[in-house]
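Starting from the given sequences, assemble the full structure and let the hints guide the process.
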Amino acid sequence: MSLGKSETSGISAAGIALNPLFRSLMSGLHAAAQPLTVLRVRLDEDRLSSLDPEDVLRTAMEAIPPVDRLCSLVSGMQQLVTAEYLEPHRTEVDVLALTRSTVEGVDLLFVEKGMDLVSEVSTLSAMMLVDGKRLEEALATTLLLVQGISYPGDRIRVWAQCVDNLFRCTIGNENRTIEKLSSDHQLSFAIAECDVRTQGGTLNLSFSPVNIELSLSA
1058 MSLGKSETSG
1068 ISAAGIALNP
1078 LFRSLMSGLH
1088 AAAQPLTVLR
1098 VRLDEDRLSS
1108 LDPEDVLRTA
1118 MEAIPPVDRL
1128 CSLVSGMQQL
1138 VTAEYLEPHR
1148 TEVDVLALTR
1158 STVEGVDLLF
1168 VEKGMDLVSE
1178 VSTLSAMMLV
1188 DGKRLEEALA
1198 TTLLLVQGIS
1208 YPGDRIRVWA
1218 QCVDNLFRCT
1228 IGNENRTIEK
1238 LSSDHQLSFA
1248 IAECDVRTQG
1258 GTLNLSFSPV
1268 NIELSLSA
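Taken in order, the sequence shown gives residues 1058 to 1275; the numbers are from the working numbering.
Treat the hints loosely; a few may be bogus.
Claimed, not checked - Listed next, the in silico BS3-like pairs over lysine-lysine satisfying Cα-Cα at most 30 Å (straight line):
no. : residue 1 : residue 2
1   : K1190     : K1237
2   : K1170     : K1190
3   : K1237     : K1170
What the hints assert, rightly or not - Estimated spans, in silico, between C-beta atoms of each pair:
no. : residue 1 : residue 2 : range
4   : K1237     : L1201     : 12 to 22 Å
5   : I1206     : R1147     : 26 to 36 Å
6   : V1163     : I1235     : 18 to 28 Å
7   : P1110     : G1171     : 32 to 42 Å
8   : S1272     : E1231     : 16 to 26 Å
9   : L1114     : S1272     : 46 to 56 Å
10  : D1173     : A1275     : 25 to 35 Å
What the hints contain is simulated information worked out from the structure, not anything from laboratory work.
The C-beta atom is built at its ideal place from N, Cα and C for all residues, glycine as well.
Structure, rendered in structure tokens:
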């Protein structure tokens, strides 16, 4: 049986759409392999049987961080697949107020890491028809991603405004330059990018210096 031109085009389009998802999931699986390997080594039965109870307890405690990381990665991959296939739930949202509250919500996390989070978000009101939950998740994920590739003493700037129903937000660290994202950070960026893209927006990352720009129109 041969496929018609329209059917072939549809399959090709579906394949192109799935490629970014598969690449992101591959990054997540690659990152998950590391804590799994650590767990396998630490919890090896022969190794544990040769240890005294105190060392067994210490080994179990050392296994907690990779377990936490693995749980986070699996949760991220589930979140990515969900975001990719669920339609956004749009309501009237003040996107600038949402941005300000999101920045305020993570500010303490930056302070604890010795970083300075500077907000240059417009104080105006800007109502747009968007999925507020996904936009908030994208903003928070992006902020924490930039935090994850920054160092104590760094200053991270958040700028946002809305003009003619176009919302733009940039999160940058002028002091930091990187060559690429780690597998963990690639997955985080993919989740945030999906939350924005499914609403018709874009999320772009620059490495030199580190800068992430979010654009979303009504």
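Looking at the structure, which of the earlier hints fail to hold?
-> Hints that this structure does not satisfy do not exist here, as all of them hold.
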